[in-house]
Structure formats: structure tokens, C-alpha cells
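Visitor: Work out the full structure, taking the sequences as your base and the hints as a guide.
Going down the list, the protein sequences come from chains A and B. Each residue of the first sequence is one higher than the one before, starting from 1 at the first, in the working numbering. Each residue of the second sequence is one higher than the one before, starting from 1 at the first, in the working numbering.
Warning: the hint list may mix true and false statements.
To be verified - A short, non-exhaustive set of chain A residues, derived as facing chain B with CB atoms under 8 Å:
1) Glu42
2) Leu44
3) Lys49
4) Asn93
5) Trp102
6) Leu104
Because the hints were derived from the structure by calculation, they are not lab data. Each residue gets a CB set at the ideal place from its N, CA and C atoms; glycine is no exception.
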Amino acid sequence: GDSVTQMEGPVTLSEEAFLTINCTYTATGYPSLFWYVQYPGEGLQLLLKATKADDKGSNKGFEATYRKETTSFHLEKGSVQVSDSAVYFCALNAGNNRKLIWGLGTSLAVNP
Amino acid sequence: DTGVSQDPRHKITKRGQNVTFRCDPISEHNRLYWYRQTLGQGPEFLTYFQNEAQLEKSRLLSDRFSAERPKGSFSTLEIQRTEQGDSAMYLCASSADDLGQGFTDTQYFGPGTRLTVL
Numbered sequence: 001g002d003s004v005t006q007m008e009g010p011v012t013l014s015e016e017a018f019l020t021i022n023c024t025y026t027a028t029g030y031p032s033l034f035w036y037v038q039y040p041g042e043g044l045q046l047l048l049k050a051t052k053a054d055d056k057g058s059n060k061g062f063e064a065t066y067r068k069e070t071t072s073f074h075l076e077k078g079s080v081q082v083s084d085s086a087v088y089f090c091a092l093n094a095g096n097n098r099k100l101i102w103g104l105g106t107s108l109a110v111n112p
Numbered sequence: 001d002t003g004v005s006q007d008p009r010h011k012i013t014k015r016g017q018n019v020t021f022r023c024d025p026i027s028e029h030n031r032l033y034w035y036r037q038t039l040g041q042g043p044e045f046l047t048y049f050q051n052e053a054q055l056e057k058s059r060l061l062s063d064r065f066s067a068e069r070p071k072g073s074f075s076t077l078e079i080q081r082t083e084q085g086d087s088a089m090y091l092c093a094s095s096a097d098d099l100g101q102g103f104t105d106t107q108y109f110g111p112g113t114r115l116t117v118l
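Guide: Here's what the structure looks like:
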């Protein structure tokens with residue numbers, strides 16, 4: 001079945017460091033890919049998405065490129081801030097069944 | 001656009017009691033989803049409505065769980081005879097057609113209802 005694998009956390013970085021959170025997927029068909037973020041005490045928020053191969057999603061300085069050849073959708077940010085501390089979830093939607101399939105989440109802590 | 005709202009935000013109950021949660025989606029969204037999230041895990045799909053029709057139910061959803069969306073607007077999720085294993089965050093999301101994106105849904109989530117079964 002469809003699945004998403006994320007790198008395990010927690011990830012701890014210093015402010016202004018470069019961030020990469022790896023995400024790979026297995027899916028039949030042509031899924032759409034998403035990154036959601038969950039800040040402490042808050043609900044899940046859509047961070048960015050990509051709907052087809054080679055699309056790049058971007059938001060708030062975060063980017064991820066849909067790589068069909070490597071079945072990946074890695075999240076990157078060039079310079080993290082303390083306010084980026086949160087849990088990041090990679091997810092896919094493989095079409096007609098409409099439900100999102102999720103990774104386990106990666107916790108990020110950014111220290112000043 | 002007030003976003004997806006859920007009520008209550010927290011519920012503590014004793015084993016064996018029934019509980020009901022409510023979700024109000026974004027007003028123009030015709031699709032509504034319920035997920036469950038336990039600590040350290042990603043959300044797990046429970047069920048999905050398109051308008052008032054419940055189109056899919058996960059095998060995770062035992063007979064003790066029932067969801068409704070009677071008028072195609074708000075939805076309720078009821079758990080009967082709660083068990084300690086039901087303790088989790090229950091998440092509601094809604095979506096509408098992403099025009100030009102085919103079947104792609106961008107789902108927007110509410111804050112969740114945290115259930116604790118003692």
C-alpha cells in the first residue's frame with residue numbers, strides 16, 4: 001500500500017543553520033505531496049505542497065521539490081529561526097481515495 | 001474564512017461512557033475528514049464525507065465509532081463505550097476542489113479534540 005517515510009527526529013539546530021528533513025514515499029499512481037507543520041499546542045497547518053513531478057512547493061522560506069525518479073519530497077530551509085521549532089509531517093494523497101497518508105513526523109528544535 | 005473549528009478542545013471521560021465531538025468545516029468546503037493522532041505518530045484516517053454522504057470508513061473505525069454529517073455542513077463523531085485505547089487527538093479537516101488540479105485535495109485542519117479515557 002501507499003506509505004511515507006520520514007527521517008527520525010528529534011532534529012536540533014542552531015539559529016541560521018541549514019535544515020533538511022528527508023521524506024520518501026511509495027505510491028501507486030501519481031500522488032500529490034504535502035508538508036504540514038504542527039507548532040506546540042496548535043493544529044496541523046499546511047506548509048507547502050506539490051502536485052506533479054518536478055514541481056517545487058515553497059512557503060515561509062521552506063522549499064520541497066517533487067522528485068519522481070527518487071520518490072522523494074525533502075523539506076529544506078536555508079536559515080532556520082527559533083520560531084520554526086515544531087513537528088513537521090510529510091504526507092501524500094494518492095488520488096481517488098482522498099485520504100492523506102502520513103509520515104511519523106520529525107520534531108525540530110532550533111536554539112538561539 | 002474562519003477556518004475549521006472543533007468542539008470540545010478537551011474531553012476527559014471514564015471508560016464505558018459515550019462521547020460526541022463536533023466539527024465545523026470551512027463554509028464552502030464540501031469534503032470533511034476525520035483522523036486520529038496518538039503521541040509520536042502521524043494522523044490516521046478514520047472516515048470521509050463528500051457533502052452528507054460517508055464515502056469511506058477505515059478498518060480502524062470499530063462499530064463503537066459512528067460519524068454523521070446530516071446536512072452536509074457540520075459533522076459529529078460519536079464513540080460509544082469508550083476504552084482507554086481510544087485516548088488520542090481527534091482531528092477534523094475539510095477541503096474543496098482544487099480547481100484545475102483534478103482530484104487533488106488540500107485539506108485544512110482544525111485544532112483537534114484531545115480525548116482522555118480514564
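Visitor: Of the hints stated earlier, which fail here?
Guide: none
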